[in-house]
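S.K.: With these hints in hand, go ahead and build the complete structure from the sequences.
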Amino acid sequence: MRIGVVTFPGTLDDRDAQRAVRLAGATPVSLWHAEKDLHDVDAVILPGGFSFGDYLRCGAIAAQALVMETIIDAAYGGLPVLGICNGFQILVEANLLPGGLIRNEHQHFICRDQKLIVENVDTAWTNQFTLGQEITIPLKNGEGGYIAKEETLKKLEGEGLIAFRYSEVNPNGSFNNIAGLRNSKGNVVGLMPHPEHAVEPGFGPDTDKAMRSGVDGLNFFTSVLNWMVKA
Amino acid sequence: MTKNISVDTTKEAKKTPDKAQPWKELGLKQEEYDRIKVILGRRPTSAELAMYSVMWSEHCSYKSSKIYLRQFGEKVTPEMRKNLMVGMGENAGVVDIGEGWAVTFKVESHNHPSYIEPFQGAATGVGGIVRDILTMGARPIAVMDQLRFGAVDHPDTARVVNGVVSGISFYGNCLGLPNIGGETVFDKVYQGNPLVNALSVGALRHEDLKLAKATNPGDLVILFGARTGADGIGGVSVLASETFDSEGPSRRPAVQVGDPFAEKVLIECSLELYAAQVVAGIQDLGGAGLSCATSELASNGNAGMKVQLKNVLLRDESLTPEEILMSESQERMMAIVPKKDLKAFTDIVNKHEVEFSVMGEVIKEPRLYIMWGDEEIVNVPPRTVAHDGPVYERPVAYPSWIDSLKANSASTLPRETSEEALKSQINQVVSSPNQASKSWITDQYDHYVGGNTALAMPDDSGMVRVSEETGLGVAIATDANGKYCQLDPYTGTQLALAESYRNVAASGASPMAVTNCLNFGSPENPEVMWQFKEATAGLADGCLELGIPVTGGNVSFYNQTGDVAIYPTPVVGVLGVIDDVARRIPSGWQDEGNNIYLLGITRDELDGSAWAETIHDHLGGKPPVVDLKQEKALAELMHGANLQGLIASAHDLSEGGLVQAIIESSLRFGVGARIWLNEILERDNVDLTAALFSESQARMLISVGREDDVKFVGLCEARGIPVLRIGVTDSTKELIIQDVAGWTIEELAREHEGTIPELFG
Amino acid sequence: MPKIIVEVMPKADLLDPAGKAVANSLQRQGHSAITNVRIGKRIELHYEEAPTPKQIEDAKEIAAYFLSNGVIEDVVSVSVEEL
Amino acid sequence: MPKIIVEVMPKADLLDPAGKAVANSLQRQGHSAITNVRIGKRIELHYEEAPTPKQIEDAKEIAAYFLSNGVIEDVVSVSVEEL
Ligand SMILES: Nc1ncnc2c1ncn2[C@@H]1O[C@H](COP(=O)(O)OP(=O)(O)O)[C@@H](O)[C@H]1O
Ligand SMILES: [Mg+2]
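Residue numbers (this note's numbering), protein chains in the order written: chain B, 1 to 231; chain D, 1 to 761; chain A, 1 to 83; chain E, 1 to 83.
By construction, these hints were calculated from the structure, which means they are not laboratory data. Please note: incorrect hints may appear among the correct ones.
Dumping the calculated DSSO-like pairs for lysine-lysine here, alpha-carbon to alpha-carbon at most 27 Å [what the hints assert, rightly or not]:
| # | chain 1 | residue 1 | chain 2 | residue 2 |
| --- | --- | --- | --- | --- |
| 1 | E | Lys60 | A | Lys60 |
| 2 | D | Lys622 | D | Lys406 |
| 3 | E | Lys60 | A | Lys41 |
| 4 | D | Lys75 | D | Lys423 |
| 5 | D | Lys75 | D | Lys37 |
| 6 | B | Lys149 | A | Lys54 |
| 7 | B | Lys115 | D | Lys733 |
| 8 | D | Lys37 | D | Lys14 |
| 9 | A | Lys41 | A | Lys20 |
| 10 | E | Lys60 | A | Lys20 |
| 11 | E | Lys60 | A | Lys54 |
M.R.: Here it is, written out as structure tokens:
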């Protein structure tokens with residue numbers, strides 16, 4: 001199975017996302033922001049970083065890139081798309097997910113091992129988790145505060161469109177502790193924390209068992225393989 | 001838009017030999033100006049004057065330090081050179097780490113800009129050092145930062161701390177380079193002159209090594225990256241104001257603004273150019289901008305260059321030729337490209353939407369010609385600009401104050417013996433700004449990006465995987481103790497070396513090479529020059545004894561507030577290699593029921609200690625004794641024991657002594673322990689204060705699984721390393737030091753982690 | 001040089017953490033008359049020549065779809081400045 | 001509510017990376033008439049009542065020493081807006 005990983009200028013975690021895809025047993029395919037062609041991939045990841053420097057607003061300039069035209073159409077058609085951190089911001093700027101992401105409430109960039117509650121498992125990227133499962137993956141951002149209008153929040157809560165919530169610590173002031181969202185079809189998921197940094201023992205978050213042994217992120221990538229087998 | 005700028009040409013210079021020139025304002029001495037005239041056989045043009053003045057500045061020419069830095073290349077054995085692919089003198093040293101891989105690393109200062117504008121100063125400091133690493137043909141893989149700030153209670157400190165930390169965070173995070181460690185120290189001597197040093201490390205395959213050389217006549221000289229603007233020109237405006245009429249800009253900004261996004265693109269673009277093998281030589285543009293890049297490339301290649309300055313892409317059309325030559329606009333590189341490869345070069349830079357311009361050609365004649373349209377404005381031998389600058393043997397003087405400082409030992413300070421008082425002192429030390437957790441700072445740095453970080457803050461060294469196939473990796477630690485160096489710069493510098501060496505060994509890597517950034521006061525002060533002489537001798541002798549070479553570094557002079565110099569602060573970085581990062585050692589206890597051992601001997605060494613500073617506000621006496629043989633033995637023991645998988649955790653002892661190490665080991669993973677000190681008191685004949693707080697060297701705190709005890713102790717004894725079992729980890733979530741104090745882990749965490757956020761959060 | 005100035009502010013009913021932080025700091029500094037602070041953007045678009053009516057229309061559109069994010073921000077003004 | 005509007009722009013001599021990135025994107029999107037973009041801040045200070053002359057003076061000072069960084073930015077305007 002082929003999973004595309006998009007590189008914009010300023011993307012940072014593309015190689016990490018590719019590694020995660022490989023460790024999950026699929027083939028990563030590098031996609032370039034200036035090309036419309038998706039090279040027949042079965043799913044797409046918009047990885048973390050500072051695309052176009054994150055100038056103006058995070059993800060705003062990337063949302064205008066050529067490759068996004070195709071991805072937006074394909075996402076409406078059901079293509080699984082995962083936006084991680086900057087990728088989540090791009091999905092929001094592209095209106096594939098609602099709301100906005102603003103400067104962290106405490107005004108600092110923050111890098112920490114973050115606990116999340118899985119709030120929805122009926123998506124392309126979360127079906128290998130159990131509902132309500134607590135997972136730990138790294139979080140690292142300066143503009144991760146999720147905001148939305150009251151009625152949007154109501155809709156998100158009412159329709160079960162919240163994919164992840166922060167547990168124990170709300171690291172950035174996000175409304176309703178929202179860490180990640182899904183669209184109504186479940187093919188598009190975006191979140192601020194980084195599953196691709198928790199896929200390889202020795203390089204993930206600390207766990208009770210051993211330093212840096214956390215691999216809770218791997219299920220994101222196996223989920224999409226499972227989703228495509230079923231589809 | 002383009003203004004008609006009247007330029008000073010070589011023709012004009014010949015015609016008007018006696019024209020008054022602002023050499024003094026540009027920082028040149030009379031002899032230096034005279035020497036330029038001798039070299040050229042005429043007065044310099046204003047462009048030439050700009051080039052010489054900046055390239056002959058202390059910062060670029062190392063004129064006061066050169067005679068001392070030489071010993072780093074001289075006090076070495078062939079064995080030490082064995083793994084050195086590129087030594088001192090290039091942009092950064094390159095070390096062979098095996099399996100066809102090499103790494104390059106270097107630490108550099110950006111102190112003065114970081115005081116004027118902390119955010120941009122620190123940010124561009126990171127940007128600059130990363131370009132140095134990129135220039136060697138390497139992919140940068142990590143950064144570190146070494147910071148010294150003023151007193152925590154001074155009203156200006158928060159401005160500098162917040163600006164510097166967010167500047168480093170902004171630039172490093174945006175480049176996608178994990179920050180894997182550093183140092184943070186507060187002391188009033190840095191109040192008006194904070195130190196912001198940044199380190200970068202990069203990895204490359206042997207065959208990808210690049211050098212800053214222009215050798216082949218006919219190759220093209222190409223400037224690529226950001227456009228050139230008026231950043232960081234500062235002093236050169238003197239020249240501008242001379243050549244400008246009244247409407248010209250009178251004062252150019254002295255600061256540079258960094259664009260990490262542009263640098264990230266530049267990194268990917270350069271690596272693609274290297275892979276396509278279309279660059280014959282490459283140089284980053286840092287201090288002294290184009291003046292430096294053109295003259296160094298030509299001089300290094302024993303060739304010359306003819307370039308057209310009007311081809312430089314500008315952000316601001318009003319720049320004069322002198323300003324263009326001096327501009328320190330960031331995120332620029334200069335490549336030497338064979339003509340046949342221009343098309344391939346163009347395709348790659350276009351793909352990345354990076355702008356470039358062909359400035360000229362390499363020529364055989366070792367002369368640098370710079371044209372401004374049809375006018376020749378520079379015609380110089382490049383060596384005289386880049387390498388044959390002035391060299392000074394500045395006067396040195398034994399400091400008048402040092403004997404009385406040394407006589408004032410901390411050994412006479414009052415000591416407490418009651419449990420209550422000792423606990424209070426321990427709490428004061430571990431919560432003091434210098435000993436407290438720096439996580440408020442390090443949490444602002446991304447240490448995950450890249451997916452290769454095996455160790456980072458708060459472990460003893462940062463460690464990154466270089467080869468994903470085999471797990472081959474490198475570890476780096478840096479240290480400097482200004483107080484020790486103030487007491488005795490020779491010993492103090494060796495102590496910095498010893499500590500970073502020990503940190504690398506503690507994390508399971510084998511120390512291999514050294515870099516340094518020597519932060520000192522004014523070289524024109526003979527007492528400072530004496531400190532510098534002692535420090536460099538200490539470092540060179542220490543490296544020789546440990547058998548690891550200095551591969552490069554940086555000197556920063558004139559760090560002072562008014563006439564008061566900072567403490568000599570030579571930051572020493574040690575790089576080690578580990579064949580598989582899976583074998584790295586954490587700095588904290590992970591499991592219950594492990595035995596805790598103290599390696600090494602404790603002496604009553606409290607002079608210059610964290611205890612003396614925190615409890616008594618005292619600095620005086622002699623720093624701890626250095627024993628590099630013992631450090632080496634310790635490192636070898638660690639290597640051997642780790643290969644056998646005997647070590648569950650290791651933490652070196654340094655500032656704050658044993659108790660600091662115990663508390664940090666406990667807090668790392670929140671594991672409690674019971675500790676006893678009575679055997680230390682007996683064996684080493686010291687009291688409780690010394691046992692807790694002494695900063696004796698060559699010591700480590702090790703935890704070992706019960707099943708490995710006999711083997712581990714046997715190894716220590718075989719190597720002559722003093723070893724004492726002083727405790728055992730448990731599941732109580734409490735730390736108890738018998739007859740001294742006890743805490744819950746929660747209470748300890750509050751003490752250790754609360755300080756910095758409260759001050760700056 | 002002719003410019004179009006676009007001004008963008010965070011929506012009134014949404015959080016503006018940067019503004020809040022500045023307001024708190026001003027309060028601490030004793031400027032108690034300042035009850036609230038909001039921080040937005042002032043964006044200058046530069047033109048070679050005075051923008052045509054069509055270009056001004058374009059700028060308004062750019063302001064709405066690109067220079068601001070309508071979900072969280074409002075364009076408070078788009079004005080031409082000629083110097 | 002009465003407001004004072006402070007407008008801050010990056011110094012003309014210095015690089016404005018954000019402006020550059022936006023300008024490049026507009027170029028890519030075909031808006032070739034826009035030759036350059038610069039991005040600064042628009043800061044609203046809110047007051048309960050119309051600011052007094054003294055408060056306006058204060059605001060100017062706050063703009064200069066706190067809301068802008070004189071090393072790299074210029075305050076381009078401080079104006080009172082009453083609604
Ligand atoms: N400015 C900084 N940037 C990154 N890491 C830092 C910084 N300051 C301290 N650290 C990290 O915090 C930890 C504790 O620092 P320190 O007590 O100075 O270590 P050591 O005593 O081993 O030299 C180390 O892992 C160090 O790398
Ligand atoms: Mg240490």
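S.K.: Going back to the hint list, which numbers does this structure go against?
M.R.: Hint check: 1, 4, 5, 6 and 11 fail, others pass.
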